[in-house]
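First to last, the protein sequences are chains A and B. Per this note's numbering, residue 4 is the first one in the first sequence, and the count goes up by one each step. Per this note's numbering, residue 1394 is the first one in the second sequence, and the count goes up by one each step.
Keep in mind the hints are simulated off the structure, nothing from the lab. Virtual Cβ for every residue (Gly too), placed ideally from N, Cα, C. Some hints here could point you the wrong way.
Unchecked claim - Over 10 Å on every C-beta distance to chain A, these chain B residues come out as not near it, computed from the model: (1) 1419; (2) 1422; (3) 1423; (4) 1434; (5) 1469.
Claimed, not checked - On the chain B side, residues computed to face chain A include the following (Cβ under 7 Å): (6) 1413; (7) 1432; (8) 1465; (9) 1493; (10) 1531.
Unchecked claim - Derived DEER-like restraints, expressed as beta-carbon distance ranges: (11) B/1530 / A/66: 19 to 25 Å; (12) A/60 / B/1521: 48 to 54 Å; (13) B/1500 / A/45: 37 to 43 Å; (14) B/1403 / A/213: 46 to 52 Å; (15) A/171 / B/1473: 45 to 51 Å; (16) B/1521 / A/135: 38 to 44 Å; (17) A/229 / B/1504: 40 to 46 Å; (18) A/196 / B/1459: 19 to 25 Å.
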Amino acid sequence: MAGTWDKIKTAATETGEKLIGRGPEVKFRHEAQEYADTKGVSIEAAQKSIMGSYFDALNRKRAVSGAIDYESKEWRAISAAVNETMGADGIEELKKTADNPAYPCPAMALSTAEFRRVYSSQENYYKRKFESKAPVYAVLSDCANNAAMFDRYGRDVEGFIKEACGNSIPAEALFAANPTLKAEFGKMFQLKELLEKHEDRFRKDQNFDKTLMSSEEAVTKALGDSLKGMFDSTINIVKACGMMFSGQFGAGLMRGVTETAKLLGHGVAGVGSLGYHMTKVVGSKLKNI
Amino acid sequence: MDFNKKQKNNDLLKLIKDSYLADAEKKVLLAIYENHGVSAEFLQKFETGLVDMLKQKTSRAIGISKEIEAGFAEIRDDYKKQRDVLTAGLQKDIAEIESTDVSAKTKLWDVYYDKVDELQKDIATSIQKISQKVLIEFAE
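Chain B with its partners taken away, still in its complex shape (with noise of 0.2 Å):
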């Protein structure tokens, strides 16, 4: 290949056009191609260009991984929170009543597993914010 002749290499093209390269880094190297063609300055831009996003892209998903490990731990310390608090206003509800009154403290249990059902609810919200954040982040 004559690296100083300018050529229409649609295999090429098409690699950068594919590649995980930023839309403007595409355009700097598709305009050096389109002057210059395959020249060392090219491929060196090239080489460089896929490199340097990689080395970013790996830095960001290993943030992002700590950022998910952390968001979750979150998410449980929270759910385990609220349903203790929960946990201890039955019992204190439960205590107030006839022990025999079976029918009263099932509603108590009802009311109770009732608003553990809403948390749960409230949790995987929370889990759909956090999965959908980080991976939007990640393909920016």
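Excised from the complex, chain A in its bound form (with noise of 0.2 Å):
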């Protein structure tokens, strides 16, 4: 009967944890303790292994997108899997680890070649998600900089973890053990971080552009607009004193209203879609009259 409530206990709060975004954490729980369970190793074998897939996943999708995407579910398994194997404060840890210079990771030479491709690489990624636009050249080589490191550090990682996936070593015991690849491993995440903070600015930048684009079309569209109400009073004008004196009113200036939209018609192309459609609005007018 405890068990079943414990069952019951443990439904409840890992219904809680998915609610409050923690649905990886919770599946990756589960996830180690079935292979566990199906392969009789250790829980700590079975995280490791686990993870381990987890790298396989995120590898397989960068194969496919050239990228790591933004909203990553692989980068986001794995974050799981060190909250759970780490603690609450393991990504944190890692970072640590990553900014202590006593633990000075690889550095990379990309030839030529390679930091062509993986530019390439980010420049698609923009501009499949940005309506085929992508940063300057300064971000998108930063990010092709970033997201070789990222690739680099994480085959290091990930060979790291398989390794160990044997033994019952628990994986904070096995990075603490090894500062140089938890170093690493804390650079993946303060890239992956440099990553968004690009895109989330050039979104930023984005809707800047086309906000000024669009301030000066509702600034042209106001200019328009008065034009437009000058014009439609005069023919309000004509038709109302057309009626009070029968004909002996207008002529005149109705020559000068189509005078007016011809000049704006013809005469200037920075306001060209104006005077279009001023001189539609006269002749529609000129109709009614």
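Dock the two chains into a complex; use the hints.
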């Protein structure tokens, strides 16, 4: 009976976890337990195996898309595995180690061809997401270098985890004993955050550019509306006076209106659309008089 | 309608008052109307005034439209130049740090993006200024 009650409590807790966005953590926990039960290995070994499979999934996805997506579920799964095996501060601890100069990570030296390939992948990633638009060279170049470093450190960390799948040393202890690899893992989190920062910023810049363009359109439209208001007002005057004075008024005014509309329609390229619009308005109003 | 007879036509008075004629012109027209009613002189003056003002405003709108285009082009150009300067500075700074020091690099990008934010705020202010200026200019 107590076992059933425990299961209910666990299910309720995990439902709550899922609701607060910890679904991947719950999934990892279940997958690791199932792996341990099925394969008859320790939970620590199972956790490392599942983490290794998450790296496989990340690599498969990257092989297809050429980049680490902003909303990468595969990367989120790896983060969940860290949260579950190294505690709530696990990621922060990894990043702290990454900043420790005592554990320098290998530098990247990309050949020109490699750089071009990674750069192109980053550019394509943005163009797919942002209506064929991509950031400037400085940003894309940084994204390319970050992606290459992420790839390199990812391979190191993945290999390290997979090698340790056969033993029961917990992942946290494993990385504590190998601070350089812990630093590389931490750098992966830092690099992913920087990549996200660039993407957030590019989205913001795109909005800024659109706002700039729409502001110009709005000001021109406001000007056109004011002018259109004058034309409409003139037409109304002609109509009203025409009724009052039985055709004694308006001929000269209508000539003035059509001349002005022509001036707008043919004389100035800058207000071309306005001129076209005005000519149409005047034309349609004239028919109604 | 008797053109030479002084009469009170409220519709006509409203039409004059609501028109886009300059206030001074409205006053002259109303005075003519007050003294002579709907005379030929009155109608001609009303028509001519409206046509002149329409032509004047249309011509002004064309000029303002060019001003808008040039103003926005200048804003865009200025923004691009200033951002290029910021980007060049950032690249120089990044080149000076260890390539694997992601935290240091991120800090440099944070500073750069903060400066871009400031720049974009300035640009927004310039847009507001030019928008207000040209539209007020047209309304005057």
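Each hint, compared with the structure:
no.	hint	result
1	1419	13 Å, holds
2	1422	12 Å, holds
3	1423	15 Å, holds
4	1434	13 Å, holds
5	1469	7 Å, violated
6	1413	5 Å, holds
7	1432	11 Å, violated
8	1465	4 Å, holds
9	1493	5 Å, holds
10	1531	6 Å, holds
11	B/1530 / A/66: 19 to 25 Å	59 Å, violated
12	A/60 / B/1521: 48 to 54 Å	49 Å, holds
13	B/1500 / A/45: 37 to 43 Å	41 Å, holds
14	B/1403 / A/213: 46 to 52 Å	49 Å, holds
15	A/171 / B/1473: 45 to 51 Å	59 Å, violated
16	B/1521 / A/135: 38 to 44 Å	30 Å, violated
17	A/229 / B/1504: 40 to 46 Å	44 Å, holds
18	A/196 / B/1459: 19 to 25 Å	47 Å, violated
Taken one by one, the earlier hints fail for this structure at numbers 5, 7, 11, 15, 16 and 18, listed in ascending order.
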